[in-house]
Amino acid sequence: MIDWKSQDAVSGLMFLAVAIYGGVSTLMGLDIGSLDQMGPGFFPLALSVILGVIGVFVLLGARPDEDQLAPVNWRAISLIGAAPVAFGLTVRSLGLLPALLISVALATLSSSRIRPIYAAFVIIGVTAFCIAVFKYGIRVPYDLINRRLLP
Amino acid sequence: MEIFDGLMLGFSVAFSPMSLMLCLLGVTLGTLIGVLPGIGPAATIAMLLPITLTLDPTYALIMLAGIYYGAQYGGSITAILVNLPGEPSSAVTAIDGYQMARQGRAGAALSIAAIGSFIAGTIATLIIAFASPALSQIALRFGAPEFFSLTLLGIVMVVVLAQGSALKGLGMAVIGLMLGLVGTDVFTAQTRFTYGINEFRSGIDFIAVTIGVFGLAEIMRNLEGNDAETRRSHVITSLMPTREDLRRSIGPILRGTGLGSVLGVLPGGGAFLSSFASYAVEKKLSKHPEEFGNGAIEGVAGPESANNAGAQTSFIPMLTLGIPSNAVMALMIGAMIVQGIQPGPRVIVSQPDLFWGLIVSMWIGNVMLVILNLPLVGLWVRLLRVPYSVLFPGILAFCCIGTFITNGLEIELYVLAIAGLAGYLFSRLGCAPAPFLLGFVLGPMVEEHFRRAMLISQGDATVFFTRPISAGLMLLALGLAATMFVPTLLGWRRKVFADAED
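For the record, the sequence lines run as chains A and B.
With our numbering, you'll find the first sequence wraps up at 151, consecutive numbering, no jumps.
With our numbering, you'll find the second sequence wraps up at 502, consecutive numbering, no jumps.
If you're looking for bench data, these hints aren't it; they were derived computationally from the structure.
Treat the hints loosely; a few may be bogus.
As the list claims (entries may be wrong) - Derived, one-sided and incomplete: chain A residues facing chain B with beta-carbon distance under 10 Å: (1) V18; (2) D36; (3) Q68; (4) G95; (5) P98; (6) A105; (7) I114; (8) P116; (9) I123; (10) F134; (11) P151.
Glycine included, each C-beta is placed from N, C-alpha and C at the ideal position.
I would like the entire structure built from these sequences, with the hints used as guidance.
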């Protein structure tokens, strides 16, 4: 009997999902061709089939986990995942400085223990360090604060 | 004397002030970040890769190589002093190294690790200088079928030799290959899986994916645990090893170098397998195996040398065949491609200054490591006390800004976020990220070689078996792949890893 919550079973399902998705979208959108006249869809389809077979084998061979995993820290994951997105949304519209401040602030928030004053120090320190390295060290061609926002 | 000329050229490149400075900078930065617990060499290089892209390719690779062995050595410092190995290969060093530190002999352990790494690095560099030109000569005669078979063999070896479930590793490699296909098909100019996003026409950016899977995912993983935990480091009293230490270490250093040099060339072997193998060998050969695990100096000298030799010789397949043997080499290949250099046997002919300059600078980097690290070890120890709550926002900021500046495209930050989440998912599921990265880097090449081979042979798939070299490589790959399904061999593989651990 497969333990559906084990690492192996979920991995197998993940492989199968990617395989089915890749295979179906290749069949629907790309020309497969034949061995002597391969179309752009040949290789993606072949890989999807191979991945599907691997997925089935992983699923069938799934064993219960050996170790108990630490609980997922949802707060940390969502905030760390959000930080680059926030950086991307602000780096051009507002500038490098605000983008860094916002993304570093999101990162510090993901640690539950950090005290506010300490967090402020970290945010300012890290931002200053990055500006020194990238703006004045490597001289990246991006504005610290978007020029159009300045008077 | 071709190799001699090459080495002379290498010396002239590597001893230029710019190379020396970048090598020093690389080694220092590598050690600096490698010392920080929980950050392995792959993450370190991924984080610093964007900085090197502003440089000329030769200098960029010299600096990246410096970062690599700096990070390796930094990992050993952490392993010995606080028993927190940043990567699997220094986990072995932590076993006896940390025990030595508890007995007040941290200085001796660090010195032996440095001396062993230096000797191993010197010998391995010579091996690279002599073996690479010969291997390139052979590889220059390879056609598309041979390259396809070779790449397949490389992927299979990485999967079989790496730690963890081989079948899952293979699945990860295939996912990587599939992700590598996103973009414009080189043969028909048709776009695939781009979903109308213009930036994806030239493929998904390698740097964003790597920094996500290695850098961002690592932060998420580290935040699972208790981040407020303070780390105590052992005090270093004297750096000098005793005469007895040196006498006991010389054998393990040389054996470790030999073992590491051989295993490092194999894809998937590299630093990790060689340090485990060396530990197991030294334990078997020792007259007092009971000391192992209780601070035996041989348990530091052997694995550290093996690990460094393996790290060096893993450059051989990367430089001569364009096949990465581990995640770090995949990063190097990616850096070369971003810089506009096609990796493969032609590099030695078309970029001799890069090739030989890199080899000579590896040796210089090893000298620098010894000179730099023994006096500076006190500084590194102080770095160990920096709490993680300060470190990770800094690492995150570096990841974001580094990803952005490589091409100046916002979309790559979104790729970074998704890659980070995917990397975290992989680690939760016990799926190794290295085969994934390898597949991703090799994906376009694998497809191109396969399709070219099919064009040449007019769709005859037996071409891989009728050409002798290709047939040999293919049979080896299939044979290795078959072992994944044979239970007895699986048991043997598990036993090797288990043996080294007890």
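Evaluation of the provided hints:
Given the 10 Å rule on beta carbons, the hint for V18 (chain A) holds: about 6 Å separates it from the nearest Cβ of chain B. Interface restraint check: D36 (chain A) against chain B, minimum CB-CB distance 2 Å, threshold 10 Å, status holds. For Q68 (chain A), the shortest C-beta to C-beta distance to chain B is roughly 12 Å, which exceeds 10 Å, and the interface hint is violated. Violation of the interface hint for G95 (chain A) is found here, the shortest Cβ-Cβ separation to chain B being roughly 12 Å, above the 10 Å cut-off.
With a cut of 10 Å, the hint placing P98 (chain A) at the interface with chain B is violated, because the nearest CB-to-CB distance is about 13 Å. A hinted interface residue such as A105 (chain A) counts as satisfied when its beta carbon comes closer than 10 Å to some beta carbon of chain B; here the least separation is about 8 Å, so the hint holds. Below 10 Å, beta-carbon pairs count as interface contacts, and I114 (chain A) has one with chain B at about 5 Å; its hint therefore holds. Violation of the interface hint for P116 (chain A) is found here, the shortest Cβ-Cβ separation to chain B being roughly 13 Å, above the 10 Å cut-off.
Hint status for I123 (chain A) relative to chain B: holds, with the closest Cβ pair at about 7 Å, below 10 Å. For F134 (chain A), the interface hint holds, the least distance from its beta-carbon to any beta-carbon of chain B being 6 Å, beneath 10 Å. The closest approach between the C-beta of P151 (chain A) and any C-beta of chain B is roughly 26 Å, which is over the 10 Å cut-off, so the hint fails.
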